[in-house]
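Build out the structure end to end from the sequences listed, making use of the hints.
There are 2 protein chains.
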Amino acid sequence: MATTQELNPAAIRALTRQVSPAEAEALHEQISQLMRQRIESGEWPEHLKLPAEPELAAALNVSRGTVRRAIRTLIEAGLLKQTRGKGTFVRGQMLEQEFAQELISTAQSLDREGVEYHTQVLSARVVQAPSHIAAHLGLRADDLSVLAIRRTRSVGGEVVYLLDNYLPTALCPDLSPQVLQERSLFGVLEHDYGVTVDSVRRTFSAILPDDDVSTAMALRPGVPVLYLEQISYQANGGSVEYSDVWVRGDRVRISSWIKR
Amino acid sequence: MATTQELNPAAIRALTRQVSPAEAEALHEQISQLMRQRIESGEWPEHLKLPAEPELAAALNVSRGTVRRAIRTLIEAGLLKQTRGKGTFVRGQMLEQEFAQELISTAQSLDREGVEYHTQVLSARVVQAPSHIAAHLGLRADDLSVLAIRRTRSVGGEVVYLLDNYLPTALCPDLSPQVLQERSLFGVLEHDYGVTVDSVRRTFSAILPDDDVSTAMALRPGVPVLYLEQISYQANGGSVEYSDVWVRGDRVRISSWIKR
Numbered sequence: 001m002a003t004t005q006e007l008n009p010a011a012i013r014a015l016t017r018q019v020s021p022a023e024a025e026a027l028h029e030q031i032s033q034l035m036r037q038r039i040e041s042g043e044w045p046e047h048l049k050l051p052a053e054p055e056l057a058a059a060l061n062v063s064r065g066t067v068r069r070a071i072r073t074l075i076e077a078g079l080l081k082q083t084r085g086k087g088t089f090v091r092g093q094m095l096e097q098e099f100a101q102e103l104i105s106t107a108q109s110l111d112r113e114g115v116e117y118h119t120q121v122l123s124a125r126v127v128q129a130p131s132h133i134a135a136h137l138g139l140r141a142d143d144l145s146v147l148a149i150r151r152t153r154s155v156g157g158e159v160v161y162l163l164d165n166y167l168p169t170a171l172c173p174d175l176s177p178q179v180l181q182e183r184s185l186f187g188v189l190e191h192d193y194g195v196t197v198d199s200v201r202r203t204f205s206a207i208l209p210d211d212d213v214s215t216a217m218a219l220r221p222g223v224p225v226l227y228l229e230q231i232s233y234q235a236n237g238g239s240v241e242y243s244d245v246w247v248r249g250d251r252v253r254i255s256s257w258i259k260r
Numbered sequence: 001m002a003t004t005q006e007l008n009p010a011a012i013r014a015l016t017r018q019v020s021p022a023e024a025e026a027l028h029e030q031i032s033q034l035m036r037q038r039i040e041s042g043e044w045p046e047h048l049k050l051p052a053e054p055e056l057a058a059a060l061n062v063s064r065g066t067v068r069r070a071i072r073t074l075i076e077a078g079l080l081k082q083t084r085g086k087g088t089f090v091r092g093q094m095l096e097q098e099f100a101q102e103l104i105s106t107a108q109s110l111d112r113e114g115v116e117y118h119t120q121v122l123s124a125r126v127v128q129a130p131s132h133i134a135a136h137l138g139l140r141a142d143d144l145s146v147l148a149i150r151r152t153r154s155v156g157g158e159v160v161y162l163l164d165n166y167l168p169t170a171l172c173p174d175l176s177p178q179v180l181q182e183r184s185l186f187g188v189l190e191h192d193y194g195v196t197v198d199s200v201r202r203t204f205s206a207i208l209p210d211d212d213v214s215t216a217m218a219l220r221p222g223v224p225v226l227y228l229e230q231i232s233y234q235a236n237g238g239s240v241e242y243s244d245v246w247v248r249g250d251r252v253r254i255s256s257w258i259k260r
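These protein sequence lines map, in sequence, to chains P and Y.
Per my numbering, residue 1 is the first one in the first sequence, and the count goes up by one each step.
Per my numbering, residue 1 is the first one in the second sequence, and the count goes up by one each step.
Accuracy of the hints is not assured; some may be wrong.
If chains are identical, the list can't say which one is meant, so a pair holds when it fits in one copy or spans any two.
Unchecked claim - Within a straight-line C-alpha distance of at most 25 Å, the following computed DMTMM-like cross-link-like pairs (lysine to aspartate or glutamate) qualify: (1) Lys259 with Asp198; (2) Lys259 with Asp244; (3) Lys81 with Glu113; (4) Lys86 with Glu113; (5) Lys259 with Glu113.
Everything labelled a hint here was simulated from the structure, so no lab data went into it.
Since we're looking at a predicted model, the values are computed, not measured.
Shown next, in the form of structure tokens:
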């Protein structure tokens, strides 16, 4: 069967022929260099799964430690990535975020990828909730007041996320928006207000952003955007927070690894 | 606290005042009619969670059976939707697909929503796999042959999905593409070839479609599209299938309900 290897044996043997214990350069450096060439040339495409370390070591006729060191070099260089219990993969140039599958925030997701980012609070004010948000948050007609916070998250100087969060003021009195420049919203709710988000409903769609969103994200016209609506719930089923999030479609992918 | 009700008590009491056992119209019809008005006016926005049936029955001072019948009417009308173990929600006009979270196909996802759709095979031919697909499928250089199938899935006469599947011919010899007009690909692989898909890696991004995709989907220029790359694996870790899928961004949302 043609499909039992992630990386085919001939491709691994081709590497072996180019690795020489006689050369001055350390074996692990030779291996990482050869792998790097294949990744950078596109011969090994993004998401390609590498064989497990013992198989790779056996095929290359080197120790597991040598393979592990070569792989570590490429992980640090951002070319490979290891996913818990799933293996080692060629990493793409897009940010891959797993928040369609896990209750992690955009911030936690970037942290997990080891990506440096900068959060900026653009505005924060107490407003009367628009009707659809009031309904989702279960607000009474006599207290529609919500804290509306607009933030950006930037990577490498580019805005990749625009986040509009709406929180009932009754839930988090005196919340200082500036803390959300350094800390995650879910973290602040849990640690400062004792409110634990137990589940979220997230829906993703592709949109063309309006002028307001384009300006806030400094997008060129025509850049497609992922739009995410999020409603967060406590364990008792009551809603805690409503958000609109816009995600740069040409920088971020949502990825899920789904088991049967 | 303002957030312990999904639908606020005042909103439920407002319904009660308009329900009268003295009227000729059956109670469940009065209730479903009142709910329908609120949904159609937008007062109850999409994704709004209704209280549980016993709470709703108590608040409206009617039996649970009456509430259940009113809700069933609105589910059949496509205005409400029940999600296993999660509750009853106001349904949106977009198709909501849960395939970022569950190992279900686009076909199974439409089936689950009770949506009628039509699948058409546009082309099917044996080709040499492009290099990135050959790598993902673990093909040897001496057998790069894959069955490339292009299909559309339409809802209400509009193409909502364009699917390009690539299968190693060695994996499914003599597969007749026409069976994929009626049956799901995963189903055919499992039942006709004994190949069980155990996990999939799916990545979603927002794109502007190229001319080829726009033409196949009969899209107006500028309609944003969700692009999904899928790689399917067997339990032994070997890859089975590679797909590119394009999803109409203005018709389909990907939704996930994520528990901590």
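These are the hints, each one checked on the structure:
no.	hint	verdict
1	Lys259 with Asp198	both (22 Å within a copy, 6 Å between copies)
2	Lys259 with Asp244	between (29 Å within a copy, 19 Å between copies)
3	Lys81 with Glu113	within (9 Å within a copy, 36 Å between copies)
4	Lys86 with Glu113	within (15 Å within a copy, 31 Å between copies)
5	Lys259 with Glu113	both (21 Å within a copy, 21 Å between copies)
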